[in-house]
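Undergrad: Quick note: the sequence shown uses the numbering used here, first residue 1, plus one each step.
Incorrect hints may have been included.
[To be verified] Calculated pairs, SDA-like style, for lysine to any residue (alpha carbon to alpha carbon, straight line, at most 20 Å):
1) K151 to L111
2) K43 to H77
3) K43 to E29
4) K24 to K151
5) K24 to A90
6) K16 to E137
7) K124 to I17
Calculated from the structure, these hints are not laboratory results.
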Amino acid sequence: MRKVIVNSTPLIALSKINRLELLKELYGEITIPEAVFHEVTAKNDCVRRKLLESGAWVHVQQISDNSDKRMYKAKLHDGEVEVMILAQEAKADLVIIDDNAARKTAIYLGLPLTGTIGVLLRAKEKGLVSRIMPLIESMERNGLYFGPQLKAWVRSQAQE
1 MRKVIVNSTP LIALSKINRL ELLKELYGEI TIPEAVFHEV TAKNDCVRRK
51 LLESGAWVHV QQISDNSDKR MYKAKLHDGE VEVMILAQEA KADLVIIDDN
101 AARKTAIYLG LPLTGTIGVL LRAKEKGLVS RIMPLIESME RNGLYFGPQL
151 KAWVRSQAQE
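Take these sequences, add in the hints, and give me the full structure.
TA: Here is the structure:
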């Protein structure tokens, strides 16, 4: 089984469009650091409910060494910091993260990376979704923003 570490934004985005299960269908199971778990369960909303109802395929894991957190604090939030540390500790096969600064850090660290859009593209490739753009539009209605260039790129990649 692949070791897949997920940050909060992909969990929130997919939960809000009722597609959190795509992570299970694509990867079997995922791991989230404790800081991400606390972040996404802090409010009593659909994200919290969906994550708590997800069952055994979502694993919450504590990082081994909190002293490493100081190295990342200047640019990243606590959840993103723990994603980076846990991905390195666990020798992750994939990190799913959307924030630009966190993505740059993951690239710098040599971590295998995708984001919510990458998850959706893979889901379409595997036949789990028929179209991506309606999902993007639904995420936008739920508060996420995708720039016009990114949407044009997604349309091109998804052939929609």
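Undergrad: Hint check: K16 vs E137, CA-CA at most 20 Å. Holds or violated?
TA: 12 Å, holds
Undergrad: Between K151 and L111, does the CA-CA distance stay at or below 20 Å?
TA: This hinted pair is violated, its Cα atoms lying about 25 Å apart.
Undergrad: Given the hint that K24 pairs with A90, does the C-alpha gap stay at or below 20 Å?
TA: 19 Å, holds
Undergrad: Holds or violated: K124 with I17, Cα cutoff 20 Å?
TA: The given pair, whose Cα atoms are some 15 Å apart, holds under the 20 Å limit.
Undergrad: Holds or violated: are the alpha carbons of K43 and H77 at most 20 Å from each other?
TA: 18 Å, holds
Undergrad: Has the given pair, K24 with K151, been kept, meaning a C-alpha gap of at most 20 Å?
TA: 25 Å, violated
Undergrad: Are the Cα atoms of K43 and E29 separated by 20 Å or less?
TA: 24 Å, violated
In this structure, the earlier hints numbered 1, 3, 4 are contradicted, and the remaining ones agree with it.
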